[in-house]
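Residue numbers (the UniProt record's numbering), protein chains in the order written: chain A, 1 to 355; chain B, 1 to 359; chain C, 1 to 286.
Derived by calculation from the structure, the hints in this document are not laboratory data. Do not rely on the hints blindly, as some may be mistaken.
[To be verified] Here are the computed distance ranges between Cβ atoms for each label pair:
#, chain 1, residue 1, chain 2, residue 2, range
1, A, K50, C, A39, 42 to 48 Å
2, B, A111, C, D184, 25 to 31 Å
3, C, P208, B, H192, 31 to 37 Å
4, C, G128, A, P71, 19 to 25 Å
5, C, P208, A, A223, 25 to 31 Å
6, C, G128, A, M325, 43 to 49 Å
7, C, D184, B, D170, 29 to 35 Å
8, B, K209, C, L21, 56 to 62 Å
9, A, Q290, C, E54, 38 to 44 Å
10, A, A166, C, A30, 47 to 53 Å
11, C, D184, B, E223, 40 to 46 Å
12, C, G181, B, R211, 34 to 40 Å
All C-beta atoms in this analysis are idealised placements derived from N, C-alpha and C, irrespective of residue type, glycine included.
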Amino acid sequence: MAKHSRRQVLVLGAAGAAGLAMPWVSRAHAQERRITVAAYSGIFEDIYKKTVIEPFMKANPSIRVNYVGFPTSAQNLGTLRAQKAAPQLDVCILDMVVAKAGANENLYKAVTPDVLPVMKQLVPTALIEGMPGPAVTFDNVAMIYSPKKFASAPTSWKELWNKAHAGRITLDAPPNAVGMGFTFVANKLAGGTDYRDYSKGIKLLGEMAPLVQSWEPKPDCYASVTSGNADLSVGYNARIQTFSRQTPDRIAASIPDEGSVFQINTINLVNNAPQQDAALEFMAYALSAQTQATFTEALPYAPTNRDAPLSPEALARTAVTPERMSKMINIDWLEVAKFRDAITEQWRRNVLTRS
Amino acid sequence: MYLKVDSLEKRYGAFDPSVSNLSFSLAQGELLGLLGPSGCGKTTTLRMISGMVAATSGRILVGGHDVTGLPTYRRNMGVMFQSYALFPHMTVAENVAFGLEMRKHSKHEIAKRVESALAMVRLNGVGDRKPRQLSGGQQQRVALARALVFEPDILLLDEPLSNLDAKLRDDMRNEIREIQQRLRMTTIFVTHDQTEAMAICDRIVVMNKGRLEQIGTPHEIYETPATPMVADFVGRINRLKGTWRSDGAIDINGSMTIRASRPGARGAPVLVMVRPHRIGLVASGSAIPSAEHENVLAGTIRQVTYIGDTLQYSVEAAGARILVEKATTSAGDPFQSGAEVLLHWSEQDTLTFAADGER
Amino acid sequence: MNTVSVNENPFGRKLVLACLLPILLVNIVAFMVPVLNLAAMSFRAASSTGSLEEGITVSTWLGLFGDGYYWSMVGRTVWFGILITIITLLLSYPLALFVSRREGSLKAFLVVVCISPLLISAVVRTYGWMVILGDQGVLPSLIRASGFTPPRLINNETGVIIGMVEILMPYMILSLLSGFGKLDATLEQAAGTLGARPFTVFRRVVLPLSLPGILLGCLLCFVLAVSSFITPKMLAGGRVSLLATEIYDQAIVTLNWPLAACLSVLILVVFGAALVLYGRLSKIVE
Ligand SMILES: Nc1ncnc2c1ncn2[C@@H]1O[C@H](COP(=O)(O)OP(=O)(O)OP(=O)(O)O)[C@@H](O)[C@H]1O
Ligand SMILES: [Mg+2]
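Only chain A is shown next, with the shape it has when bound in the complex (with noise of 0.2 Å):
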């Protein structure tokens, strides 16, 4: 009796197997596909959904789009990582180091112009060498001060060593890859010319270090200067203004004038990815200037396309304007990745010890 029904209920699942894998059975199931997309949580998933995510699926009714929201780029190559036999993700959306990591693994397949036409309207800098997908984003390591503690906006990067606000600073210290930009904007402060040779900087950091409250804000950065228990900090632009939109008096952003470092996400798909056409016309549809506009619009990220048909303002909050451009420090990420763990040892020994 028991082995019988055990047989009925595997015939029933092998049928039910079938119909999902024969478009002939269920036409509105045939036309139906999903996608996962993974990316960062947060204010980002907020914004990406509605200004990509959303009008995508409305553009491409036949596409699902789900979203997994991870708090760190390595928590999203982790994930990755743990499905290597059998990838639930289709696209991926984090910080190119970290997308660096994933593609010696060969978690993503390199898309080229010829499957994605759209890259050919990217900036060049968009287009990494060895890496497997494009720029899809710019940000850029940004001051975060309280405006009301501020007369006016901090113009220098010298203000976090201004020993007025002693006990008032966060920052997040490497490994965290905001300390890690951090370093080299130190290191361009103290003198420093070339990013590979960071010593000047991590001598800098040091005398900063007494002054600092915390070196690992909790939650976060961001919520350290809105919450009031710090006046300075250091974050990504992109966040920072997106915060101060929604509560100016207690947050506001500052690229200071001598200059900063990207910070870059690229779109990666997946190796194996269950449906790797519609990931493809995902991908199209998010690095498209449109998109790219819209989204850059609401979440002050630099579009990676030429062509994207941005607004004056939106422009300007961004780190792309041509006076700004001039003046960030040109690193190589993929570079950096090699000495990470020197950058990290050289804060402990150095910097964190001294506060």
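For this one, chain A is given, so just place chains B and C with the ligands on it according to the hints.
Okay, now just chains B and C with the ligands, sitting in the frame of chain A:
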């Protein structure tokens, strides 16, 4: 009087008092038995005297000083607990040594006294064991040794022999009495067992429901019990209900007449008590010796029970069952069930109590 | 006694085995497999970008042993574990003793009160501490209001210790209460009648009898203190790096899984040592 308990009362929460209006005193070196049924407040009394629980009211005096508010550790009383309360993490020897250590005796002295205390309770050679490796009776003796060893001024023993076999119980009883007398320790000895109390106590307090029922020497308690409860508690006894007649005799159900040494008010209900072994038994028709002050009753033996040193006869007389006890002899039973007999006992052995409990 | 009866009765022994089998299987699947996986992962190779590479290597292990940084981290972790455990014990013991002496519904109520913090997640409770200890927090404000300069209570070792102690106290109290089984008011009274003053009673009777509970609580709290990373991460402000937080960083931020695995194995070794010590000590106590 060395130890004086004055109007002691203890209430646990809202319950009826566990002990109330309790007063008695002991001379130095006296051994007082505390006798009473289970739950009558014996342990509670000891706990108040030793300071383990605070009295709700009343005073405790030692050598004329009020110690009611004094903490236990300053009272210098050796207490043996009903539950033994041996320290499970210490060896037997360490348990016994504890009181001596607290009194800062030298190591050598402690070892010597622990050894002799263990010898006294017949426990030589178990000093290195933990209490849980001993039998119940052995544990009880360790507890006794621990309470005695530091020779306290006052010794409070809560059923110290309850868990021992009859032979060991007699030995230990005599041992306690001997030590107590030698060191002149003022001692309270709690027990349910009236024989034990009678055997070694100078005086006995009988308690019932938290109150003092009677205090007196063993002889007084046994021969002139103050209440039926005491009479009942200190030995087997026959009970008969009757009424005083005008001639000083007692009428039982109109079918039996009993004389007592002290008559009561006419017409009052009376409780008559006679101890079974004070009743004589002869075959029907035999002559009764010194018949003048004797109560005589005719009856029929209904049951004979042999319990070794005594024979118990259940005799039906005048509509009541009367228990009679006789020492056994090698000659065997003189009476069989169904035999017609005469019961007789003297007026002095007839205890009478007003039926509401007073004599 | 029990084992004898089981051995005497072959049916009983089979029954016991049959009953043990499911939990044994669960243990193998849920505990042994991940641990073995972890051990295997520690021999994988990782590139500088964090990507896993094919093949096995002992280089992660060699690097770990050669680096004094990790040794001092192990030392600091153990030291913090011990310090937190001791403070937790000192604060919990009187409470547990007080609760164990109550009776009836009052006792049940107090036990619930003591362990009720467990109903709230450690994260939320740690945020609570951030509010209390932060620079603008309740406690520093109070200290400032009374005319003193408050010391830094958060984003350093002090913060971690305060937070961890509070997080672990319910566990310690529970262990202590369960270990107080042998405590009996009569024993304390007995010691009193033998002439022991209250402190002597505590030292000679109460303390020795509560040692099993103390040992159990200490083992539990030490293991929890060494393995917790959320509270240290939130309260340390990046100034205290412990094994568990480092594992988190390596696994989640740097993605160096082999190193994270090595460190996890190291933590398991620390736990093993703690267990062995616990076993030894409980034998001595009993
Ligand atoms: N802690 C307590 N709380 C409430 N009632 C108690 C407590 N201790 C004793 N009692 C009550 O007090 C009364 C006297 O108890 P106690 O232990 O003194 O009796 P006892 O004469 O020693 O009895 P036993 O011969 O059975 O040992 C009992 O009714 C008991 O229920
Ligand atoms: Mg009792």
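So, going through the hints one by one against the coordinates:
no. : hint                        : result
1   : A:K50 / C:A39: 42 to 48 Å   : 46 Å, holds
2   : B:A111 / C:D184: 25 to 31 Å : 28 Å, holds
3   : C:P208 / B:H192: 31 to 37 Å : 34 Å, holds
4   : C:G128 / A:P71: 19 to 25 Å  : 22 Å, holds
5   : C:P208 / A:A223: 25 to 31 Å : 50 Å, violated
6   : C:G128 / A:M325: 43 to 49 Å : 45 Å, holds
7   : C:D184 / B:D170: 29 to 35 Å : 31 Å, holds
8   : B:K209 / C:L21: 56 to 62 Å  : 59 Å, holds
9   : A:Q290 / C:E54: 38 to 44 Å  : 43 Å, holds
10  : A:A166 / C:A30: 47 to 53 Å  : 50 Å, holds
11  : C:D184 / B:E223: 40 to 46 Å : 43 Å, holds
12  : C:G181 / B:R211: 34 to 40 Å : 37 Å, holds
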